[in-house]
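K.L.:
Let chain A serve as the given structure and place chain B on it in line with the hints.
Protein sequences appear in the order of chains A and B.
If you use the working numbering, the first sequence corresponds to residues 630 to 941, in order.
If you use the working numbering, the second sequence corresponds to residues 125 to 549, in order.
These aren't lab readings, by the way, just hints derived from the structure by calculation.
One should not assume that every hint holds.
[Stated by the list, open to error] Listed below are the simulated SDA-like cross-link pairs for lysine to any residue, each with C-alpha atoms no more than 20 Å apart in a straight line:
#1 B:LYS441 to A:LYS855
#2 B:LYS155 to B:ILE140
#3 A:LYS749 to B:LYS441
#4 A:LYS749 to B:ASP399
#5 B:LYS441 to A:GLY716
#6 A:LYS749 to B:ASP309
#7 A:LYS825 to B:ASP309
#8 B:LYS441 to A:THR718
#9 A:LYS825 to B:GLU393
#10 B:LYS441 to A:ASN750
#11 A:LYS855 to B:ALA314
#12 B:LYS441 to A:LYS825
#13 A:LYS825 to B:LYS155
#14 A:LYS749 to B:ARG394
The structure presented is a predicted model; accordingly, all values stated were derived computationally and were not measured.
Here is how the chains run, residue by residue.
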Amino acid sequence: MQLKKKDILDIESLSVEEINLILDTAEGMKEISERPIKKVPTLRGKTIVLFFHEPSTRTKVSFDIAAKRLSADSISISASSSSMVKGETLIDTAKNLEAMNPDIIVMRHSEGGAAQLMAKNVRASVINGGDGRHAHPTQALLDMMSARQKLGTLQGKKIAIIGDIAHSRVARSNAVGFSKMGANVVLAGPPTMIPKGVETYGADVTWDMDEAVSDADIIMMLRIQKERQENFLFSTVREYSRYYGLTEKRVKRAKKDVLIMHPGPMNRGVEISDEVADGPYSIILEQVTNGVAVRMALFYLLAGGSRDGDTD
Amino acid sequence: MAIRISGGTVLDPGRISGQYDLLIDQGVILKILEPGAPFEGVEIEKTIDAKGMLVTPGLIDMHVHLREPGFEYKETIETGCRAAVRGGFTAVCSMPNTRPVNDNRQVTEYIIQKAKDAGFARVYPAAAISTLSKGQALCEYGDLKDAGAVALTDDGLPVANGQLMRRALEYAKGFGLPIISHCEDMELAAGGCMNEGPVATRLGLPGIPNISESLMVQRDIGLAELTGGRIHIAHVSTRESVAAIRDAKKRGVNVTAETAPHYFTLTDERVMDYDTSAKMNPPLRSEDDRQAIRDGLADGTLDVIATDHAPHSPLEKNVEFSQAANGIVGLETSFPLSLRLVAENVLTLEDLIRKMSVNPAVVLGVPCGIFEGAVADIAILDLETEYVLDGNDLWSKSKNTPFGGMTLKGRAVATLVGGHVVYEI
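In isolation and in its complexed conformation, chain A is listed as follows (with noise of 0.2 Å):
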């Protein structure tokens, strides 16, 4: 099966083929990160524009890591070095990146639907890699990787997201992704950071954060962004941890081998304490590393890499 899309542009696109396609070969790349020298030659020549308008650390290196083990030549632009700052328009910025005929734009940033319109604009193939809170597929992907590796299937898991839906495009990505492969997926946080309409999701939504992780296969913590305060969604930090953040007690409501994730970065003692987020059923560095091999699956199923590549 290959994968016939130009873009990843959300989970709502990917039907559950193509999510199992991407995250088996995803499974096919981990390898080559393990590998001495860590790189193959199967996309070769092929041009890969990191396009990062909005401020990424992890997200940045997890692709450009992916583009070089590939043998990509991946090239990184973000918003201080763009003309963006110079009052050029994101269609402006796409067509001139389309005249130097890149294979593929990874694209963060800060307005949602920015993905869309950069797609529709160039011939090339355009990944998401975060566009306001609308969606991050990348991320949602390497979640279901993570989750999958552990317990075999998604079908019929319990996942809890606590914390701010409202703002989260990973949260928005993982409930769409989760609840597509069958998993029950239950939104927690506080009635002001919970979307209006978010039933739509198919989701079980609570306020009650117990509740949420009681007898969860997986739970995954969102951070929380501090100047949402401003904005009057929680009170204060302090309350905001009490009632919302992950420890050791509430992690015991849950099933005996959960899975705790998190997006990062972390706040440490906000949405989740040191030991859990250091403990045992902690994947969330297993996350990072499978970000690497879904980037790598998703530039090798859109970049046409040829078989061929592999034994050149």
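P.N.:
For chain B alone, kept in the frame of chain A given last:
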């Protein structure tokens, strides 16, 4: 230079309805005749065959952004007025958010003069409530009225200060001017860029809740009640606003209200795929709201259909959704979109014409009507022809419409302003 409009069905709601010929001379309706009846005394230079057509008072769009002075790259008074007459409108009320803001006599006179020079639709300027529309000081309402302003509004920059709004209503009352209120609580709107709801959640876009509009509608109704001033609520989009206005009218408050064709035609689902041609403020709402708007039109809560014609260039629309300018053009699609309300039994044809001509004229205090001696501002409307709207074919300088590709029925075939044929298909 007499003109005979022959064979049409004349409809001026509440005044005349039936088969008549109109004889127009010297800029006025000289005579209303039985079909084909002879008339001596003037030489007919032009006969417009209106067989099968509806002949109505010229339509009036009381909420239009003509953009001139200051934003001529989006629209000029001339291009906007050409678009107006093509849509059957003989007059428009221009919003004051130009550059400079229409908060003084010079700008008001400039707009009126430019419209006269263009020679298409009449322009009745609305001037600002507050200087620079900044919500800090009252404009010179007397001087503005004297210069030709017919209403006051800080459209686009809603009046946050309740005390200023109170005083504006009182002060305008003295000059007999209505206040047109763009009702929006900016704190509750909180920087949103589309309707708050499941679609915004899916798209990851910050939402604007209904209450940001309806709360201010309630405030302004309360202030009108307190002051006895005349309040007109602009571009009503929510169920709660309709309910508040309905209750206020029952209590006898001096309030009128308008809605726009997009609010009774589309819902926020239209924004899917981040289509900036469906972005405006207030935003497209839910199906529930759309139904409430239709109910409000049907029961008379909403008096006027106005377009909030808001031209923008691709520079402002072909960008990230949240960055895109608010607004769509409406002059050339208003009549066919509104005519659907008749086909769908929301309004009678008579009520529709009333909401597009007589009622806005009453709110603005401007002439309108088909009777002998009346100024000959007339629309001749074809109710039957179907066509697919080509957005690029619009006469407005800007083409930002969400209705491109839609099959529409009905259009103006001729428009007369002051007895002159300013548009003929």
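K.L.:
In ascending order, which of the hints set out earlier in this document are inconsistent with the structure?
P.N.:
Hint check: 1, 6, 12, 13 fail, others pass.
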